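Colleague: Model the placement of chains B and C on the given structure of chain A, informed by the hints.
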Amino acid sequence: MCEHDQCTSHAGQKPDMRPVYPKAGSYPHFAKLVDTQKAQVDRKVFHDQEIYEAELRQIFGRAWLFLAHESQIPEPGDFLRTYMGEDNVIVVRQRDRSVNAFLNSCPHRGNRVCMVDAGKKARGFICNYHGWSFGIDGGLRGTDGKVYDSDATFDKGSIGLTPVAQIASYKGLIFATFDPDAPSLEEFLGDFTWYLDVMLDNDEGGTEFIGGAIKSVIDCNWKFPAENFVGDILHAFWTHQSGAQAILGGGVDLGARYDELAFQASVYGHGIETNLDKVGNTRTLGYPELVDYVFSRQKAMADRLGEVRARMVGAVSSATVFPNFSFLPGQATFRVWHPRGPDKIELVVWTLVNKNMPEHIKELYRKGVMMTFSPAGVFEMDDGENWEYSTRVNQGFVTRQQPLHYALGVGTRDDSRDLPGIIHKGSLNDANQRLFYTRWAEFMRFDNWHDLQNGETAPPQRMAQRQAAE
Amino acid sequence: MMADALDMVRICDLSEIGEEILKVSLEGHKPLGVTCLDGIYYVFPDTCPHANESLSKGWIEDGRVVCPVHFAEFELGNGAVHNGPSGCARLTFYECEARIDGLYARLTS
Amino acid sequence: MLDIARPFSDFTRYADADTERQVTRFLYAEARTLDREAYEEWLDRFIDKDIRYWMPDMETRRRDDRRGAFCYGEAAYFDDSWDELHVRVKRYNEPSAWADNPATRHAHLISNIEVFETDDPQLVAVCSAFTNVRNRNETDQDIIHGRREDVLRRHGDGFKLSRRRIFIVQNVLLSKNLNTFL
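Chains as they are written, first to last, in numbering that gives the first Met the number 0: chain A, 0 to 469; chain B, 0 to 108; chain C, 0 to 181.
FYI, nobody ran anything at the bench for these hints, they're computed from the structure.
All figures in this text were calculated on a predicted structure; none of them were measured in a lab.
We treat Cβ as the ideally placed atom computed from N, Cα and C, and that holds for glycine.
Worth double-checking, as some hints may not be accurate.
[Stated by the list, open to error] Label pairs and their in silico Cβ distance ranges:
| hint | chain 1 | residue 1 | chain 2 | residue 2 | range |
| --- | --- | --- | --- | --- | --- |
| 1 | C | 110 | A | 109 | 38 to 44 Å |
| 2 | A | 303 | C | 157 | 26 to 32 Å |
| 3 | B | 82 | A | 156 | 51 to 57 Å |
| 4 | C | 28 | A | 302 | 54 to 60 Å |
| 5 | C | 20 | A | 249 | 34 to 40 Å |
| 6 | B | 99 | C | 61 | 44 to 50 Å |
| 7 | C | 61 | B | 37 | 27 to 33 Å |
| 8 | B | 58 | A | 167 | 28 to 34 Å |
| 9 | B | 51 | A | 52 | 41 to 47 Å |
| 10 | A | 35 | B | 82 | 56 to 62 Å |
Extracted from the complex, chain A is given alone in its bound form:
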């Protein structure tokens, strides 16, 4: 392959097989496609291939991304296969019970070394191509046959599956990043952990995922479902009228105290829109027994989380952890929208329950999620086509020059409530979606984490500190 004279001196040297973690760049011209002042998002962000490639580098190459729930891989050698952006990764419990994750790509010719969705007690992963074998710690154990024995440059110890740069858990949820310079997971999540705890910490026993996952493909840009869950309860009334009618015999109801209680909170682009109606979402699963169960736990949850968050556990609410990990409190569905180009996603859906829940309650959550938020579910069924056509219309050159309206609730900032994050009044609001795209623009613009963690989407006290410093 290399016949130049200067290369011959490399003969006999070991190849450099160290992992490579790409550096971020800066794309100010893409960042400008989000106009905070005018509350507008340029449709190119849903269509353009170059922007998509920049997203893979700037966002999916750097952000902490959700991988798995600890309960899915309880024992050493237990593993599952998932994605970080378009990068396929193996998540595997180590012998010391820690968890690590590796790119699912053999360093020889690049083939996947793990083809299955998940498994128990794996001894390692062997590439089907040439039999290169890797331990669950990612290290190369050996190859097929004896041909490398006589190759002095072959150094098993320096070759392995590329590990993620950092991996960490927050109350059962495992995240990882490809960026060695990324701040800690807790710093990335910021005050949003206060809201995650509504689901992850409303019981002392912790949480688990019910086994299996439902995966499906939607021909939409990944940001449409992510922004939908970050702050769009508005669509529920129209999109999901049929599902609500089927299950509740009436429309979606935000509760009598909506004006007083409902709000949106956003931290670093993560966001939740919520009412404080206690059981609005749980009711839509269709099992009165579940509603009774959530009511029966109000006091215990209030003792643990305080009155406000206890009211959020089953409330009409939705949330996204930037960039693409979303959940519905009350409905117990957790999901990732894996990007597959500017016009396609792969959706993976799980059901989260408390370990301490009685088995029949867990079973009702499993069936409730299936009945509502899975491909044959009476709510999710009507979401996909909206997102597909919101994406597809932008193939029209003239169409994609047209403005989109993201201005609902401009001027509804509410600093009076003692809640973490940037608070806006009312859950019927585009505020969280604007902040989601503001965060997107920050990732496009900034090549460093200092700027990323101190921009417009940072929590208010952080912004105050910055302004004081300036």
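Modeller: Same frame as chain A, but now just chains B and C:
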């Protein structure tokens, strides 16, 4: 015939042998793997018959030596292969004997 | 026999020709009813009140993985009683069921039908395969293939579906939704 003619060779102290695979290198011989399960001692080549990998980096599981590389399993005693790569030969086990001053084995070639 | 979690054991006794013809007609009539999106009628005419209707997610697992491709009690597309099927039907009946308004064009194709006797003279075991084609709007098309294991119960002169296990061949559902019954 040759095997019978060979003398027993001292491998190691009994106290060195546990349920892991102990690697023993003796001058004039290829490296050996040694282990003990339920009071019975086993001596075998440390090198996996498939791809020259060291079996002492593997482990014992359900009465079998497990190669750490392609996870072939060799039954302790008779060396029969399970889940091995295509063409993987059985593992040789040497006749061995625990004496007061250590473990001895007849190292056939 | 009616345990939804239990696979079909090896049935060896084929049903007689009359029964087979009756069952075949039942399945084709059911498919045609679903093609018409006549979901309420489908429930009334074809579905037994004790129905268990299950379609698990199909995982990719190693051959030596004892869990296998699916596991009852884990994630599923359907795991329904009659009442739960009826909730889904109620959604179809709403004009605002946007994924079905405008209407979806359906073709439920049924083949590979085998009908077996069981130890209970009221029940027959039926294996079949299906191709489900849904087409919407201009070019939106979804095709799913799979197999079914049905238990039909005799009702008067005909049958009703008591149990259905549906195994699709897709790991990732290559569609945005599943707006029909299979």
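Colleague: Decide, hint by hint, whether the structure agrees.
Modeller: Do the hints match the structure? See the list:
In this structure the supplied range 38 to 44 Å holds for residue 110 of chain C paired with residue 109 of chain A, their Cβ-Cβ distance being about 40 Å. For residue 303 of chain A and residue 157 of chain C, the hinted distance range of 26 to 32 Å is not satisfied, since their beta carbons lie about 56 Å from each other. At about 26 Å, the CB distance of residue 82 of chain B to residue 156 of chain A disagrees with the hint of 51 to 57 Å. For residue 28 of chain C and residue 302 of chain A, the hinted distance range of 54 to 60 Å is satisfied, since their beta carbons lie about 58 Å from each other.
The beta-carbon spacing between residue 20 of chain C and residue 249 of chain A, approximately 46 Å, falls outside the hinted interval of 34 to 40 Å. For residue 99 of chain B and residue 61 of chain C, the Cβ-Cβ distance of about 48 Å falls inside the hinted range of 44 to 50 Å, so the restraint holds. Separated by about 30 Å at the C-beta atoms, residue 61 of chain C and residue 37 of chain B satisfy the suggested range of 27 to 33 Å. With their beta carbons about 30 Å apart, residue 58 of chain B and residue 167 of chain A fall inside the hinted range of 28 to 34 Å.
In this structure the hint that residue 51 of chain B and residue 52 of chain A lie 41 to 47 Å apart at CB holds, the actual value being about 44 Å. Remark: the range hint 56 to 62 Å for residue 35 of chain A to residue 82 of chain B is upheld by a beta-carbon distance near 59 Å.
In the structure shown, a violation is registered for the earlier hints numbered 2, 3, 5, in ascending order.
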